[in-house]
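Participant: Listed here are the chains, written in short residue letters.
There are 4 protein chains.
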Amino acid sequence: MKYSFKNDYAEGAHPRVLEALARTNLFQQNGYGLDDYSLKAQQLIKLQMESENSAVHFVSGGTQANLIAISAFLKPHESVVAADTGHIFTNESGAIEATGHKVHGIYSEDGKLKPEDIQKVIDAHQNIPHQVKQKLVYISNSTEIGTHYLKNELKDLYTFCRDKNLFLFMDGARLGNALMTNNNDLSLKDIANYTDAFYLGGTKNGALIGEAIIINNIALQDEFGYHLKQKGALLAKGRLLGIQFQELFRDGLYYELAAHANQQAMKLKSAFRDAGCEMLSETFTNQIFPILTQEQINALSDNFDFYIWKKLDDGCAAIRILTSWATPDEMVDKFIAEIKNLK
Amino acid sequence: MKYSFKNDYAEGAHPRVLEALARTNLFQQNGYGLDDYSLKAQQLIKLQMESENSAVHFVSGGTQANLIAISAFLKPHESVVAADTGHIFTNESGAIEATGHKVHGIYSEDGKLKPEDIQKVIDAHQNIPHQVKQKLVYISNSTEIGTHYLKNELKDLYTFCRDKNLFLFMDGARLGNALMTNNNDLSLKDIANYTDAFYLGGTKNGALIGEAIIINNIALQDEFGYHLKQKGALLAKGRLLGIQFQELFRDGLYYELAAHANQQAMKLKSAFRDAGCEMLSETFTNQIFPILTQEQINALSDNFDFYIWKKLDDGCAAIRILTSWATPDEMVDKFIAEIKNLK
Amino acid sequence: MKYSFKNDYAEGAHPRVLEALARTNLFQQNGYGLDDYSLKAQQLIKLQMESENSAVHFVSGGTQANLIAISAFLKPHESVVAADTGHIFTNESGAIEATGHKVHGIYSEDGKLKPEDIQKVIDAHQNIPHQVKQKLVYISNSTEIGTHYLKNELKDLYTFCRDKNLFLFMDGARLGNALMTNNNDLSLKDIANYTDAFYLGGTKNGALIGEAIIINNIALQDEFGYHLKQKGALLAKGRLLGIQFQELFRDGLYYELAAHANQQAMKLKSAFRDAGCEMLSETFTNQIFPILTQEQINALSDNFDFYIWKKLDDGCAAIRILTSWATPDEMVDKFIAEIKNLK
Amino acid sequence: MKYSFKNDYAEGAHPRVLEALARTNLFQQNGYGLDDYSLKAQQLIKLQMESENSAVHFVSGGTQANLIAISAFLKPHESVVAADTGHIFTNESGAIEATGHKVHGIYSEDGKLKPEDIQKVIDAHQNIPHQVKQKLVYISNSTEIGTHYLKNELKDLYTFCRDKNLFLFMDGARLGNALMTNNNDLSLKDIANYTDAFYLGGTKNGALIGEAIIINNIALQDEFGYHLKQKGALLAKGRLLGIQFQELFRDGLYYELAAHANQQAMKLKSAFRDAGCEMLSETFTNQIFPILTQEQINALSDNFDFYIWKKLDDGCAAIRILTSWATPDEMVDKFIAEIKNLK
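Chain order of the listed sequences is A, B, C and D. If you count by the working numbering, then the first sequence holds residues 1 to 343, one letter each, in order. If you count by the working numbering, then the second sequence holds residues 1 to 343, one letter each, in order. If you count by the working numbering, then the third sequence holds residues 1 to 343, one letter each, in order. If you count by the working numbering, then the fourth sequence holds residues 1 to 343, one letter each, in order.
Please keep in mind that the hints were generated in silico from the structure rather than gathered at the bench. Please read all numbers here as calculations on a predicted model, not as lab measurements. One or more of the hints may lead you astray.
[Stated by the list, open to error] If the Cβ cut is set under 8 angstroms, some of the chain C residues that face chain A in the computed set are:
id, residue
1, E19
2, F27
3, N30
4, A72
5, P76
6, H77
7, Q126
8, P129
9, H130
10, K133
11, G225
12, H227
13, K229
[To be verified] The following residues of chain C were derived to be distant from chain D, with all beta-carbon distances above 12 angstroms:
id, residue
14, E97
15, K102
16, G105
17, D110
18, V132
19, T159
20, N216
21, E256
22, L312
[Stated by the list, open to error] Below 25 angstroms or equal to it, Euclidean Cα-Cα: the simulated DSS-like pairs (lysine-lysine) are:
id, chain 1, residue 1, chain 2, residue 2
23, B, K311, A, K120
24, D, K40, A, K2
25, C, K40, B, K2
26, A, K120, B, K310
27, D, K164, B, K75
28, C, K310, D, K133
29, C, K135, C, K75
30, A, K311, B, K133
31, A, K334, A, K269
32, C, K311, D, K133
33, B, K120, B, K135
34, A, K133, B, K343
35, A, K133, B, K6
36, C, K133, A, K75
37, B, K6, B, K343
38, B, K6, C, K40
39, D, K310, C, K133
40, A, K310, B, K133
Glycine residues also receive a C-beta, built at the ideal position from the N, C-alpha and C atoms.
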């Protein structure tokens, strides 16, 4: 069978996560997020954010995190501004609209939003009350195309949002990868300071399942549990989520795993560059988009799986390569060997 | 006070409509759309469409017609394709999304949709079930920028929609104006044949209030009354809507009024052309968009009201002029006199 | 044809309302509720409530008023408490639930809610966040079974609601009738003081169409226009609603019409009593529920229409008789003559 | 620390489930439910139901299963009939209403629904289209109060539902317990035959997390994946659910675990009976409701945790005792010893 670089959720959990589950398995715990492990994991995350007043809730997936947070924060007449590559705009089957809210998709070359993009949407919606009111800005970090935000970019966005009375929400399905790039200058503390809320992805970084919704804006924390329950996200065995996040954040495992994934991707990027390949976009996280000829794609496809991301006009195409905490050196080396053989 | 060309709903109803209301005022009638006038008006409209199996329902406004029809026709995971100038995409405060459905807005130069535009949206949503499913195409006739569909355009769209298992819905807030252009080749019968459903606008063409939702696709007719009631559209005194549509469709008044509005607009268009002004777009309905210098705009603004529609790069701007069934010759003549004086 | 006592919306509008429409018909006005008549009508209503800080919005029907107000006021996890005879609980086709909110229906002998009824619902929902949170109390005045609230009852409810952090909302589809009973001690001012919001019914008291939503709680007034638009209630020709309410509230016509309706009902109630009939419930508004034998029902049915309201165990049944502003003395006298002939 | 009989989700997963997770952990698999384990588990369940044409989908929790299935099956104007003890009516924070649908709660002594209960709701909603349309019947097996359905009861309900054009949906959070009572005569095959859809609970019977939604009615199967995705239930690592259900259904573990839970409860029931205690209701599943004096409750509370279920008029109260797959003989014996000491 071919080795897959198609996504970062092809394996189960990091072995330490499974061990923690086994170790605690038979201790009786309270249900619905009131177990000792969830409480401990919340404390660990708040400590690492240096943000004691943030609220932390664990849910089972990213679409769920997005739809619950956004629908809890907004009134019926309020809308969301996102990049048109944003997961909620294009890859969640209308989940946000299903809760009643419009999502404006803005074209973005690099998958990131800038204040001027958002301002244009606001300017085009000044016929009150005939046009929907923009109230929440949704960004992804790292983005769906592998790019990530620098500190000044996030700060500018947050300042803009505060000025315009908008909430800033970050989808952190791959936040670990964003934080562990070589050129990253953002910390968890910065993210606690410069967003109203975000979620911290576990599924794609070592957990079996689980995302941590973190609400920094105190005005948005109230009665959030009702929303979790109403949308079907409050697990009877919340311990499953708590113990995993406890293990990931106990001693830095979360960061190590993301760093590993990034390094594997960067090794592959170098190999592609050395072989003379251009990248569709410049990324430093666990996603790379090398541009190959059809012949090169065919050659690499013999032993490896990956997605064709975008066909280009000259018959070439960008492929998408994803690495993860589980990507072994052995497979990276084997892939590099094949890349070296490309003409 | 200035005379207003800002919209086509500045006056009340055509006098004959008021007379009909007064004449029938004290006859006791059944409530909730089961009055004699509504039943008669339904028959008149079906006769003129030559479509006995269509279903006709009267509601009080266009946003209401759109949101009830669309939410009744779709399942939760289905979305709507519209032009980005479409009323539901930009001017109904998120009404469709509030019923749970995504609206895809497609850029359109002339406000009309073509099959290839819709196909592009479908092509970009093939990652099932992660991406929402397109199920209904929304068009406006005449469009929000004054253009209108020709018969072959509508037929092509409908054929495409049938092939792709999409519903075709037409917003006819200004359908009378579309049907009464000089170059129109569409009849009500064609619209019954080439749409799954549409609404026929009364508010902007002689009624005090009222739109007729017409469902041609029999599969979509079932239990529609529940949706009217649930969304607050089933008027206790449905007679108010029935009597107006009866009067408008009894002897052609509806068409006369739309023709009048169009003629007044065409007279003004000629005057602007004679004065050397270009139009932003070529329209034959009751909306025109002459391009003027700021000086010219100032001159015309002394005695007349209208909207600045779009600022252009050279300091000029397109204004929007709307005429209606109520626009008197006297005001058109007075405006033309001022247009002639433009330099 | 039989004369109908089935409902209070069988005729059109009071002639003065039609005259006002005709008189103002061709004056150009702003659209969407910004016409002179709506502004004037808002002022008149606020003056009569002695509540300058209330906000007044006109919509076309009662279900629409209920669903817009309630969905605008509540967050997704909040529910409504109503009597199980309440219009929203049983006769609006799930309109409130369609906006996402549960309605708790409480059994009530007389159609009115008491604080202890509401407390029981709250007590049964203390498993937070697994159970929905009660946030709004819905009452009707007059109720769906013709009873009405006295001042101390309303004040007690409002005090209770404030204590429990609940909103109090009154459905006033027949508020005129409640205010014009002989034993009423409530004024519009009291209702402004003792509710967070209510609506004042026009459709059933002289208007062609129209209800006035009145928001007394300032915290609930913000951005209400968006909700009107999003739910399809913002009429292009808002003048239609404004002019009617202006006429009804200009010189007391609204109260006169309701008083007339009540008097006609009370005359019929006396006649039934004189004929030896019991009433199902004691009402002083425009609804009465005399209990008749099947023979008596058959006799009255020859010339008059009314609903069988409730079959009783002994073969008798309560019928429902509704009168309105339009019920003429002639018909009341004729009906009384037949009642006198009952055995 | 006290040993808890408060619920059946206090521990993690059955050890064999954890072992299966560990064993398969690093095999690369497709995401979103297309992994080998999910496909295998679907086959196993369909085989055991003898219902090859059923569709099986795995989700993470019971509220999620209920809200997705019900909202996927219903049109906007359709409602649900449930017992007033039903989980969706009282313990899911308005989850069904949040998807737009009314739930009618019917009083039921034993937590079960009978055809005549449902008929009464239908009879009371014949004012079409002013009243919501009943379309789905929701039952729980075992019920929220520990009772369970016999085969003829389920068959009668299903026959009734077919006659009335209603869907029958069973909440099987504790279906294993229902199937393993001593007097049960229902098989999985019967449930496939006599419901339109149901869910099979894993969380409370040996899994870490997970419920299997099973759709028997072919007309309801179409495009169900969209609903899973839109409501946030489609896990990237669907393998987590698949491997668990594979292990539970591979060789009967699911049934063994439920039988164990029931046996432990029955031992405790006998002990309470021997001690002279009455039961609030007669149950044969893993829930029992012995009636105790306050003194007895205090005595048992020293070493054991349980809920006070219902206070009775005479100062006594029914407590709720829940057992699970994890309840050890040692704790049951210890508890029985204390029960024997009750006076």
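Participant: Please go over all the hints and tell whether each is borne out by the structure.
Facilitator: Each hint, compared with the structure:
1. E19: violated (32 angstroms)
2. F27: Violated: closest Cβ of chain A sits about 23 angstroms from F27(C), beyond 8 angstroms.
3. N30: Violated. Min distance 13 angstroms.
4. A72: holds (7 angstroms)
5. P76: At 6 angstroms from the nearest chain A Cβ, P76(C) passes the 8 angstroms test, so the hint holds.
6. H77: holds (3 angstroms)
7. Q126: Since chain A brings no Cβ nearer than about 13 angstroms to Q126(C), farther than 8 angstroms, the hint is violated.
8. P129: holds (4 angstroms)
9. H130: holds (6 angstroms)
10. K133: holds (6 angstroms)
11. G225: G225(C) check passes; min Cβ-Cβ to chain A is 4 angstroms, inside 8 angstroms.
12. H227: holds (6 angstroms)
13. K229: Result: holds, 5 angstroms to nearest chain A Cβ.
14. E97: violated (4 angstroms)
15. K102: Non-interface label fails for K102(C): nearest chain D Cβ at 4 angstroms, not farther than 12 angstroms.
16. G105: It is violated; G105(C) is separated from chain D by about 9 angstroms at its closest Cβ, not greater than 12 angstroms.
17. D110: Per Cβ check, D110(C) is outside 12 angstroms of chain D; nearest 19 angstroms; holds.
18. V132: violated (4 angstroms)
19. T159: holds (27 angstroms)
20. N216: holds (26 angstroms)
21. E256: Holds: least Cβ distance 30 angstroms, greater than 12 angstroms.
22. L312: holds (17 angstroms)
23. K311(B) x K120(A): The given pair, whose Cα atoms are some 15 angstroms apart, holds under the 25 angstroms limit.
24. K40(D) x K2(A): Judged against 25 angstroms, a Cα distance of about 21 angstroms means the pair holds.
25. K40(C) x K2(B): holds (21 angstroms)
26. K120(A) x K310(B): holds (15 angstroms)
27. K164(D) x K75(B): The given pair, whose Cα atoms are some 23 angstroms apart, holds under the 25 angstroms limit.
28. K310(C) x K133(D): Answer holds: K310(C) to K133(D) is near 22 angstroms, not above 25 angstroms.
29. K135(C) x K75(C): holds (9 angstroms)
30. K311(A) x K133(B): holds (23 angstroms)
31. K334(A) x K269(A): Roughly 14 angstroms between the alpha carbons, so the hint for K334(A) and K269(A) holds.
32. K311(C) x K133(D): holds (23 angstroms)
33. K120(B) x K135(B): It holds: about 14 angstroms lies between the C-alpha atoms, which stays within 25 angstroms.
34. K133(A) x K343(B): violated (41 angstroms)
35. K133(A) x K6(B): At roughly 24 angstroms apart (the allowed maximum being 25 angstroms), K6(B) and K133(A) satisfy the hint.
36. K133(C) x K75(A): holds (17 angstroms)
37. K6(B) x K343(B): holds (23 angstroms)
38. K6(B) x K40(C): Since the Cα atoms of K6(B) and K40(C) sit roughly 23 angstroms apart, the hinted pair holds (cutoff 25 angstroms).
39. K310(D) x K133(C): holds (22 angstroms)
40. K310(A) x K133(B): holds (22 angstroms)
This entry does not satisfy hints 1, 2, 3, 7, 14, 15, 16, 18 and 34, going by the numbered hints stated previously.
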